[in-house]
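Chains as they are written, first to last, in the numbering used here: chain A, 867 to 942; chain D, -8 to 196.
Hint data in this document are derived by calculation from the structure and do not stem from the laboratory. Keep in mind it's a predicted model, so treat the numbers as computed, not measured. One thing to keep in mind: the hints can contain errors.
With a straight-line Cα cutoff of 25 Å, these simulated DSS-like cross-link-like pairs (lysine-lysine) come out [what the hints assert, rightly or not]: (1) D/Lys52 x D/Lys72; (2) A/Lys937 x D/Lys72; (3) D/Lys6 x A/Lys937.
In silico negatives: residues of chain A with every beta carbon more than 12 Å from chain D [said to hold, decoys possible]: (4) Leu887; (5) Leu888; (6) Leu895; (7) Arg905; (8) Lys918; (9) Phe933; (10) Leu941.
The C-beta atom is built at its ideal place from N, Cα and C for all residues, glycine as well.
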Amino acid sequence: MITCKDVSDTASDYLDGPTTLLQRFSLRLHLIMCVKCRRYMRQLKLASGLAKKITVPFEPSDEEIEFLVQKLRALT
Amino acid sequence: MYEEEQELISRLIRKEDAAFRQAIKQYQSSMLYLAHSFVGNKFADEVVQEAWFSAIRALPKFESRSSLRTWLLRIVANEAKTRLRKENRLTSLEAMTAENKSLSDRYVSDGNWGDKIPIQWDCDSPEELLSVQELKRCMDQLIENLPELQGATLNLREEQGYSLDDICNILEVSESNVRVLLHRARNRLFLCIEHFQATGECCTD
Ligand SMILES: [Zn+2]
């Protein structure tokens, strides 16, 4: 049986997909029985998904593109 | 896809304006985005411009072991690191991967949660969380101020959706370090939101 601290150590890996079968199994088993880690895990995922939403658009304008093209053309 | 990229590369080597334009349109925002997470708004443009110069010069030696995009981002990361190093602002990998005490201290010696268990948030989605203006501002600030490789891994993984493999390649760190960096960054977000939920105040204030 893994501990709550073990859950914390592997929680992030779990969000990135394939961990070993044993890891997944023991994590899931722990989560079934531990409401605190279930909460931690769910909220860690939520926190992590939030980064996606803070996106600042960085689309270059036509002027910026032309400016850079000029510079690249001038490279020797 | 591969042929198209090869074609673009040859045209870039021949210095065709149209090819420059196409490449900038395709890659600039991703490059700026990454540079931003290293050096912030102020220097991101400069770093990306330097990266383009280095890239165009080095392009004849490009070996297609990675995609052009990954290769360009790797150059951006290197330019950014060089810049931070010059200014003595480069954080050590040890410091960036060090355990987050304010989380690890909440577990007791047998590995269970101690008294400070995670509190229940009153939100179920990122959108809902970010609808609170102060929290949004707080998260912006926190992400902006993450140690550079934590910010960069989070940016590449969560915001731009790159695989761990690509991230290793771009940042030139091992996969286990990428995992640890992500882990640290995510937990910082988690702790900061939790703090906000408990106190209504930003963790960075
Ligand atoms: Zn637990």
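For each hint, the structure was consulted:
{"no.": "1", "hint": "D/Lys52 x D/Lys72", "result": "holds (22 Å)"}
{"no.": "2", "hint": "A/Lys937 x D/Lys72", "result": "holds (23 Å)"}
{"no.": "3", "hint": "D/Lys6 x A/Lys937", "result": "holds (11 Å)"}
{"no.": "4", "hint": "Leu887", "result": "holds (18 Å)"}
{"no.": "5", "hint": "Leu888", "result": "holds (17 Å)"}
{"no.": "6", "hint": "Leu895", "result": "holds (15 Å)"}
{"no.": "7", "hint": "Arg905", "result": "violated (5 Å)"}
{"no.": "8", "hint": "Lys918", "result": "violated (5 Å)"}
{"no.": "9", "hint": "Phe933", "result": "violated (9 Å)"}
{"no.": "10", "hint": "Leu941", "result": "violated (6 Å)"}
Hint compliance for this structure: hints 7, 8, 9 and 10 are broken, all remaining hints hold.
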